[in-house]
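Now for the letters of each chain:
Protein chains: 2
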Amino acid sequence: MTLSASPSETDLDAGSDLAPVAGHASVSGPRQDGPLYQRLAAQYRRVMTAGALKAGDRFPSVRALMRQHGVSLATATRVCHELEDAGWLEARPRSGYFVRRQRGATLPAVAEPETSALPAAAQYVGLHERISAVIAMQQRYPDAMNLGGATAAPALYPGERLQSLATKALRREPALLTAVGADHGHAAFRQAISRRALSAGFTVAPADVIVTHGAIEAVNLALRAVAQAGDTVAIESPAFFGLLQILESLGLRALEIPTSPRHGLSVEALELALASYERIAAVVVVPNLQNPLGSIMPDARKAALVALCARHGVPLIEDEPYRELADTPSLKALKAWDRDGGVIHCASFNKVLAPGLRLGWITAGRWQARVAMLKFAQSRHNETWPQIVAAEMIASGAYDRHLAQLRTRLRAQREACADAICRYFPPGTRLGTPEGGLVLWVELPTGVSSQRVFERALVEEGIRVAPGTMFSNSDRYAHCMRLSCPAPFSAAIDDALRRLGALVARLANAAAGD
Amino acid sequence: MTLSASPSETDLDAGSDLAPVAGHASVSGPRQDGPLYQRLAAQYRRVMTAGALKAGDRFPSVRALMRQHGVSLATATRVCHELEDAGWLEARPRSGYFVRRQRGATLPAVAEPETSALPAAAQYVGLHERISAVIAMQQRYPDAMNLGGATAAPALYPGERLQSLATKALRREPALLTAVGADHGHAAFRQAISRRALSAGFTVAPADVIVTHGAIEAVNLALRAVAQAGDTVAIESPAFFGLLQILESLGLRALEIPTSPRHGLSVEALELALASYERIAAVVVVPNLQNPLGSIMPDARKAALVALCARHGVPLIEDEPYRELADTPSLKALKAWDRDGGVIHCASFNKVLAPGLRLGWITAGRWQARVAMLKFAQSRHNETWPQIVAAEMIASGAYDRHLAQLRTRLRAQREACADAICRYFPPGTRLGTPEGGLVLWVELPTGVSSQRVFERALVEEGIRVAPGTMFSNSDRYAHCMRLSCPAPFSAAIDDALRRLGALVARLANAAAGD
Numbered sequence: 000m001t002l003s004a005s006p007s008e009t010d011l012d013a014g015s016d017l018a019p020v021a022g023h024a025s026v027s028g029p030r031q032d033g034p035l036y037q038r039l040a041a042q043y044r045r046v047m048t049a050g051a052l053k054a055g056d057r058f059p060s061v062r063a064l065m066r067q068h069g070v071s072l073a074t075a076t077r078v079c080h081e082l083e084d085a086g087w088l089e090a091r092p093r094s095g096y097f098v099r100r101q102r103g104a105t106l107p108a109v110a111e112p113e114t115s116a117l118p119a120a121a122q123y124v125g126l127h128e129r130i131s132a133v134i135a136m137q138q139r140y141p142d143a144m145n146l147g148g149a150t151a152a153p154a155l156y157p158g159e160r161l162q163s164l165a166t167k168a169l170r171r172e173p174a175l176l177t178a179v180g181a182d183h184g185h186a187a188f189r190q191a192i193s194r195r196a197l198s199a200g201f202t203v204a205p206a207d208v209i210v211t212h213g214a215i216e217a218v219n220l221a222l223r224a225v226a227q228a229g230d231t232v233a234i235e236s237p238a239f240f241g242l243l244q245i246l247e248s249l250g251l252r253a254l255e256i257p258t259s260p261r262h263g264l265s266v267e268a269l270e271l272a273l274a275s276y277e278r279i280a281a282v283v284v285v286p287n288l289q290n291p292l293g294s295i296m297p298d299a300r301k302a303a304l305v306a307l308c309a310r311h312g313v314p315l316i317e318d319e320p321y322r323e324l325a326d327t328p329s330l331k332a333l334k335a336w337d338r339d340g341g342v343i344h345c346a347s348f349n350k351v352l353a354p355g356l357r358l359g360w361i362t363a364g365r366w367q368a369r370v371a372m373l374k375f376a377q378s379r380h381n382e383t384w385p386q387i388v389a390a391e392m393i394a395s396g397a398y399d400r401h402l403a404q405l406r407t408r409l410r411a412q413r414e415a416c417a418d419a420i421c422r423y424f425p426p427g428t429r430l431g432t433p434e435g436g437l438v439l440w441v442e443l444p445t446g447v448s449s450q451r452v453f454e455r456a457l458v459e460e461g462i463r464v465a466p467g468t469m470f471s472n473s474d475r476y477a478h479c480m481r482l483s484c485p486a487p488f489s490a491a492i493d494d495a496l497r498r499l500g501a502l503v504a505r506l507a508n509a510a511a512g513d
Numbered sequence: 000m001t002l003s004a005s006p007s008e009t010d011l012d013a014g015s016d017l018a019p020v021a022g023h024a025s026v027s028g029p030r031q032d033g034p035l036y037q038r039l040a041a042q043y044r045r046v047m048t049a050g051a052l053k054a055g056d057r058f059p060s061v062r063a064l065m066r067q068h069g070v071s072l073a074t075a076t077r078v079c080h081e082l083e084d085a086g087w088l089e090a091r092p093r094s095g096y097f098v099r100r101q102r103g104a105t106l107p108a109v110a111e112p113e114t115s116a117l118p119a120a121a122q123y124v125g126l127h128e129r130i131s132a133v134i135a136m137q138q139r140y141p142d143a144m145n146l147g148g149a150t151a152a153p154a155l156y157p158g159e160r161l162q163s164l165a166t167k168a169l170r171r172e173p174a175l176l177t178a179v180g181a182d183h184g185h186a187a188f189r190q191a192i193s194r195r196a197l198s199a200g201f202t203v204a205p206a207d208v209i210v211t212h213g214a215i216e217a218v219n220l221a222l223r224a225v226a227q228a229g230d231t232v233a234i235e236s237p238a239f240f241g242l243l244q245i246l247e248s249l250g251l252r253a254l255e256i257p258t259s260p261r262h263g264l265s266v267e268a269l270e271l272a273l274a275s276y277e278r279i280a281a282v283v284v285v286p287n288l289q290n291p292l293g294s295i296m297p298d299a300r301k302a303a304l305v306a307l308c309a310r311h312g313v314p315l316i317e318d319e320p321y322r323e324l325a326d327t328p329s330l331k332a333l334k335a336w337d338r339d340g341g342v343i344h345c346a347s348f349n350k351v352l353a354p355g356l357r358l359g360w361i362t363a364g365r366w367q368a369r370v371a372m373l374k375f376a377q378s379r380h381n382e383t384w385p386q387i388v389a390a391e392m393i394a395s396g397a398y399d400r401h402l403a404q405l406r407t408r409l410r411a412q413r414e415a416c417a418d419a420i421c422r423y424f425p426p427g428t429r430l431g432t433p434e435g436g437l438v439l440w441v442e443l444p445t446g447v448s449s450q451r452v453f454e455r456a457l458v459e460e461g462i463r464v465a466p467g468t469m470f471s472n473s474d475r476y477a478h479c480m481r482l483s484c485p486a487p488f489s490a491a492i493d494d495a496l497r498r499l500g501a502l503v504a505r506l507a508n509a510a511a512g513d
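Listed in order, the protein sequences are those of chains A and B. Note that numbering that gives the first Met the number 0 has the first sequence beginning at 0, numbered continuously upward. Note that numbering that gives the first Met the number 0 has the second sequence beginning at 0, numbered continuously upward.
Just so you know, not all the hints are guaranteed correct.
The list treats identical chains as interchangeable, and a pair is accepted whether it falls inside one copy or across any two copies.
Heads up, simulated SDA-like pairs for lysine to any residue below, C-alpha to C-alpha not over 25 angstroms straight-line [to be verified]: (1) K167 - P153; (2) K167 - L155; (3) K53 - Q37; (4) K167 - G180; (5) K331 - A306; (6) K331 - L307; (7) K167 - M65; (8) K167 - V458; (9) K331 - S198; (10) K331 - V61; (11) K53 - T105; (12) K53 - A186; (13) K53 - R93.
Hints were generated in silico from the structure; no laboratory data involved. Just so you know, these numbers come straight off a predicted model, no measurement behind them.
Could you build the full structure based on these sequences and the hints that come with them?
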């Protein structure tokens, strides 16, 4: 552990107020301009790149930085934030900052959005054709390496265990396929969900759990319960394309709120929008491992968001398909801060337990009766057998063991993919560093169109990616793409990312030559 | 076979123009007033009640009636229609009329609706609370004998075969529960449906089959594709309460079109409505074994309905959960007459194959792309497993064998229940005689409220029925109820119907005493 790590004297600009600190070899670097905190952060980056501060090392405390460099509290704090934002440091609660796992080479973090300007006015969503075109084109190349999805490879889910439980249930319950199921869900499954909600920081009675066909149906029901065609719904930007399709299919307008790749929806931008625009019928948020950014809202932001929506009387719909894939277990749901039933919680087992069970659920606070009515009218109860299987996975502890393993694997896959992207993608690329899940958000160099990358990667390289154009009703993310890491890292994946990086480099060069 | 059966001379009114015919014993009866055809029909009823004409006997032809009674063609034809409407005769194509199976005692057929008056203007549906109250009350008596549903008992479905196919599929396909399924449905299942549609009189390419969560989701998607909140939708009256709930949940208005217990939706009443009311966004019909009436539209009516809707450019949505439960196999769907893609066909395997698979499908003609989009946005693809099981049932021929058996059983159950109702229910009761399925529509004696029967039957007798108030947005069917025959007839069912009949008799007496 290196408590006093700092750049050596030779790295510091002449005339700076930064004092040298002993204990590290000199790391040479270019002379820098810009504000003091940026210059100091750049020096520390070089120290870390050179390996003088290694992954897992404790980073100097703010007080140590103040003392060692003779800088103000504000400057020292900004140095830490700057390095954290760029993915060099991670904050651990009550322990300070630590150096994150180093990469062979690094790419800067994806840009933070502007949050102090008023978000652009809401628009009707007209995205379905664009998304359908992408999906139709994907389907013409079914053998492409799939780095465009958001679901882990089948081998990462507990297939044998699930099939064995399903087979046993079929043997044990002769009327499993021939009897009508229970309204709103199977008792044991609703019980299991009720117990499990405690780890997300809230309580829900089994009777208030309504089982759905994935979180997709849950979010549909939530929106149908609180909004009418023509209404405006505030969503994250970028957002999961499935949400945009739901809004389009319901004739709702999307108000895209800037969202940080690190800490999620900008509460301040939402506040501005709520104060400026007429009536916002609902806010839809993925607070944990946002798709496509992978951001996680810190607790303070979650609390502020719930309070803001409560103050304005706006229903807050949270979509939680990924929470249990976070590196840190037991993240809290927004529902944990709900005091007046204003939060509608939607969750799914598709990504975390089994894509083939198509199980989700909803608990809808003040709109519980209306959501129950809508679900009954829309598709009746879910099949019983997937609920029995999932309930037994949860009750036996097998689900928790599976999750621990899945998290570890996804982290390894994600970090190996990120390393490869850093190695192979050209300068000008920026990369998100989510703390869980299996997707990475990539900003491409200036002038490179993700739609172009998508098409050429599929046709020429046999690689499927998700172009940024899918994640907004605007063209705001035409230069971004979502890359996923669904399977254990392999030479084939390494090679695919190498070829993808080369393609991006060619397109970047062509754009620079225009 | 008795070709020349007719009432004997003594049964005929003095001064009538009806000539006696030899061959039958005199059957005494009260002197009758009313038009000639009614008096003649009444005489034939007495002949049949006395057993002089027995079940299966050929009824005199129209020409024979004309000759024997010296009546006009119009009168002779009306006699046959009157007796057919009342359930005494059945028409067999190209063979004339035959005496239906006689009952120990008979009840008159449920009344035919008035079809020449303009249907009442469309109303927003506000039925959910009424239906919820019924369902909630049912749930407080879970052990009641269930004569209120529309699904056969689990034992009537091929449970063992289904579970065995499911188990084999689980063993054979290791990623069955862990892989994402195919958009819009599993290929083998869509293929099986495509082949099977031929027996309903139409062709559909596998690519145009969209698999849904039962017909409920299919009808939802169909209505969402063609109508907006506030629009008017023409439906049958009485209608399946689930359809009324769908309309309510989508903010649609219901225009209730008179529907015959024998031959379904009144095409003439619909035509009147289309000519008189502003814009009807869609027509929803259950052409085969309508729920709750059990009516089957004759082919000529089906053709006329499709042509009428095509002429007016109104989307025609057909809901087909029951067709394959008809006594006559291979009834045609409305889709068989569709020439311009104006018919949206919705079907389900819940009632015919397995309530626990929750499988339905839709093919949407001109609205195919929109329905595909809505389904994707609403709940994505269905689970793969049930589709594999159903596809294998169909492909192996096991489904057809099951259906043949199920039809026979349901017919026996239905007729035994109808007999019991005839034995036990008081005068003033009228009873439908559907040619398939498992539900019977019962009109109660004057002054008897079906809601009252429902409540007292449940609380006092432990019997669940479906009150007529569930089947219309109006109170038009407050004096009707739907009784189902889900299980093989037994002493317990006989006893339940006896007690139910006694309850109705007590309520009828009380009403008469008011």
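Go through the copies and call it for K167 and P153: within, between, both or neither, with a Cα cutoff of 25 angstroms.
both (21 angstroms within a copy, 19 angstroms between copies)
Check K167 against M65 for me: Cα-Cα at most 25 angstroms, and say if that holds within a copy, between copies, both or neither.
Intra 64 angstroms, inter 69 angstroms, cutoff 25 angstroms: neither.
Using 25 angstroms as the alpha-carbon threshold, which applies to K53 and A186: within, between, both, or neither?
neither (51 angstroms within a copy, 53 angstroms between copies)
Within a copy, between copies, both or neither: where do K167 and G180 come within 25 angstroms Cα-Cα?
both (18 angstroms within a copy, 23 angstroms between copies)
Tell me, please, which holds for K331 and L307 at an alpha-carbon limit of 25 angstroms: within, between, both or neither?
within (18 angstroms within a copy, 57 angstroms between copies)
Can you give me the call for K331 and S198, within, between, both or neither, at a CA distance of at most 25 angstroms?
Intra 7 angstroms, inter 54 angstroms, cutoff 25 angstroms: intra-copy only.
If the cutoff is 25 angstroms on CA atoms, where do K53 and R93 land: within, between, both or neither? Let me know, please.
Within one copy only: 20 angstroms inside a chain, 93 angstroms across chains, cut-off 25 angstroms.
Between the shortest in-copy and the shortest cross-copy C-alpha distance, which are at most 25 angstroms for K167 and L155: within, between, both, or neither?
both (22 angstroms within a copy, 22 angstroms between copies)
Can you tell me if K53 and T105 fall within 25 angstroms by alpha carbon in one copy, between copies, both or neither?
The answer is within: 14 angstroms in one copy meets 25 angstroms, while 93 angstroms across copies does not.
What label fits K331 with A306 when the C-alpha limit is 25 angstroms: within, between, both, or neither?
within (15 angstroms within a copy, 58 angstroms between copies)
Is it within, between, both or neither when you check K331 against V61 at 25 angstroms Cα-Cα?
Intra 28 angstroms, inter 79 angstroms, cutoff 25 angstroms: neither.
Alpha-carbon proximity between K167 and V458, which holds within one copy, between copies, both or neither at 25 angstroms:
neither (45 angstroms within a copy, 38 angstroms between copies)
Of the hints listed earlier, those the structure fails to meet are numbers 7, 8, 10 and 12, in rising order.
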